[in-house]
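S.K.: These are the residues of each chain, in order.
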Amino acid sequence: MSLNIYEKICAEHLVHQEPGQDPVLYIDRHYVHEVTSPQAFEGLRMAGRTVRRPGLTFATMDHNIPTTSRDQPIADPLSARQVETLAANCREFAVTCFDMHDPRSGIAHIIGPELGLTEPGMTVVCGDSHTSTHGAFGALAFGIGTSEVEHVLATQTLLNRTARTLQVKVDGQLGAGVTAKDLVLAIIGRLGTAGGTGFVIEYTGSAIRELSMEGRMTVCNMSIEAGARAGLVSPDDKTVAYLEGREYLEGRDFDSMAEGWLAWASDEGCDYDETLELNAADVEPQVTWGTSPGMVTGVLGQAPTLADLADAAERDTASRALQYMDLREGQAMTDITVNRVFIGSCTNGRIEDLREAARVACGHTVAAGVEQALVVPGSQQVRAQAEAEGLDKVFVEAGFQWRESGCSMCLAMNDDVLSPGDRCASTSNRNFEGRQGKGGRTHLVSPAMAAAAAVTGSFTDVRDWDYK
Amino acid sequence: MEKFETFSGLLAPLDAQHADTDQIIPKQFLKRVERTGYGEFLFFDWRFNDDGSLNHDFEMNHDRYQGASILITRDNFGCGSSREHAPWALKGYGIRCIVAPSFADIFYNNCFNNGLLPVVLAADTVDRLFGELRANEGYALKVDLERRLLLTPSGEEIPFELDDFLRDRLLNGWDQVGLTLRHEDAITRWEKDHDID
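Line by line, the protein sequences give chains A and B.
For what it's worth, the working numbering labels the leading residue of the first sequence as 583, then goes sequentially.
For what it's worth, the working numbering labels the leading residue of the second sequence as 4, then goes sequentially.
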């Protein structure tokens, strides 16, 4: 029988199923961070339980930490307390923790793959919705709540309601200057923010195969923005090549591991509950205009005209979004000016993203109207790599700020926050009201588009860029 | 977790699609290490003006909806992040049941781990309830989870779907970790078969 990768992983990880209940799956990898774990560890303590398999859980501090300097203590006492609580919990329960001074630290979804902790065929969870990122390796990876974090810590398993499968098949070639970020935004635009609810997405087709592992991570990362808890890509030679030499895979027989990994790929002729097909050649650089990631159009497009929207609820939602975003109906994306730029996050904080942005920024200067253009690497390893390639100098010479790693302005829990009325070109994943700061306005774009917006002060079609 | 018992409660309206977790509980309130104390920050940016005063234009703030324990809203409620602070904030505010045409997956799951009942009803039924609640001050529903019914003041029974397992978890207030650990032998067997030691 032909099986898709989701069916294979669920079958292999089934621990137990009571009649009429959800299947209990074994969890191979668990990432924890400071914001969604303290109550879970406390729950263990209160129930007199312990962490069943401390060796399968890895902790990192990413949401709350400053990106300015690692030498100073964290100024915000509440953030400091969360970070200290995670460190203490990890010590108490013997969980490995990459604290913010560790050269391997960074955003959970960047460092997991980077360290070789995420492997094809694994079940991967974290108390963070962007855990779907790890699906790029052919792992079943999804975000969970804090009670589920506690459940995984205590039992190394999770109840997992079987999802329906959605194949998103992308053939054709992405044009020059069009990236994985544009592709996934276009997919979300087609599906809508809830179109993937109840589904696990497998991304297939030649355009997905063509993407680098970094690009595949960007695509899988945003699956949740279409409502799908998980999105994955079947492993192939690129997956194997990425993993070779990674720290946590050392000392194991790589060839036999690789053979096992490739066997997880969906079988030829397998079934999916639904399929959506796109042609990559049709995708142009994307810009969101509204307050959910599905409110997106091409850079040469416009904000919607309300009368064109047939559905009353959709019209209300769009009207409210335009008002919050302070945009006119039909306003051209290229007619929008920004005063802040953020390049980073688990969506676009990898080395390839920084290279793309630096290529655009090189030899240019940040526009006078842009008060701050932040570049925040996704991990300290990405940061070191970028510095080795001289990308930091390119950014700084162009007028960008070069920071330490972390989640930073993606959700603005640290000091990297928009002020009311600020308008930001951001490579992150959510443009919700107030996401990057109360009253702030977020436009989601690719790293290249964000860098171009920093230089010109408005959204510019990066396909026509004057590379220096 | 406490048992979910039949109750009658006032409805409060949140007339917005895609109310995301950043609206339910903004990030500046995620820095606590406790499970409680989030209720006052529910829908913070909508409920309060910049100077901290109550935003009277926000419908939920109207006097007639104070003390509500049922929230009625639109499609895709709870989309966005996995933060369990969202159900914690709703519970802290006094909400025990949420009625909507659809919910985001992670949020939906999180509700059942917190004794919070998400009820999915057809969009036109939700629409009708919005109308009735605005037309009738003090509009309350009785939530009968055992029978999977909402009862309107006129005695109309509105059935909703929920599988037995999820219903029984709420009704019994089961600790899911405890339930799973009853099958610890199966976990150990799986680990043995997969060379995890």
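Derived by calculation from the structure, the hints in this document are not laboratory data.
Just so you know, not all the hints are guaranteed correct.
[As the list claims (entries may be wrong)] Computed list of lysine-lysine pairs in BS3-like fashion (alpha-carbon distance at most 30 Å, straight line): (1) Lys-6(B) <-> Lys-195(B); (2) Lys-975(A) <-> Lys-1050(A); (3) Lys-751(A) <-> Lys-820(A); (4) Lys-34(B) <-> Lys-145(B); (5) Lys-1020(A) <-> Lys-34(B); (6) Lys-1020(A) <-> Lys-94(B); (7) Lys-34(B) <-> Lys-94(B); (8) Lys-590(A) <-> Lys-195(B); (9) Lys-590(A) <-> Lys-751(A).
S.K.: Lys-975(A) and Lys-1050(A): Cα distance at most 30 Å?
M.R.: 15 Å, holds
S.K.: Has the given pair, Lys-34(B) with Lys-145(B), been kept, meaning a C-alpha gap of at most 30 Å?
M.R.: 35 Å, violated
S.K.: Given the hinted pair Lys-6(B) and Lys-195(B), is their alpha-carbon gap at most 30 Å?
M.R.: Cα-Cα ~36 Å, so violated.
S.K.: Verify the proposed pairing of Lys-590(A) with Lys-195(B), using a straight-line Cα cut of 30 Å.
M.R.: Holds, at roughly 20 Å.
S.K.: What's the verdict on Lys-1020(A) and Lys-94(B), does the C-alpha distance respect the 30 Å limit or exceed it?
M.R.: Given pair Lys-1020(A), Lys-94(B) holds - Cα atoms ~24 Å apart, limit 30 Å.
S.K.: Taking only the CA atoms, is the gap from Lys-1020(A) to Lys-34(B) under or equal to 30 Å?
M.R.: 17 Å, holds
S.K.: So if I understand the rule, the pair passes when the alpha-carbon distance is 30 Å or less; does Lys-751(A) with Lys-820(A) pass?
M.R.: Given that 30 Å is the threshold and the Cα spacing comes to 18 Å, the pair holds.
S.K.: Taking 30 Å as the top limit, are the C-alpha atoms of Lys-34(B) and Lys-94(B) close enough?
M.R.: 18 Å, holds
S.K.: Are Lys-590(A) and Lys-751(A) close enough, with their CA atoms no more than 30 Å apart?
M.R.: 19 Å, holds
Hint check: violations occur at hints 1, 4; the rest are consistent with the structure.
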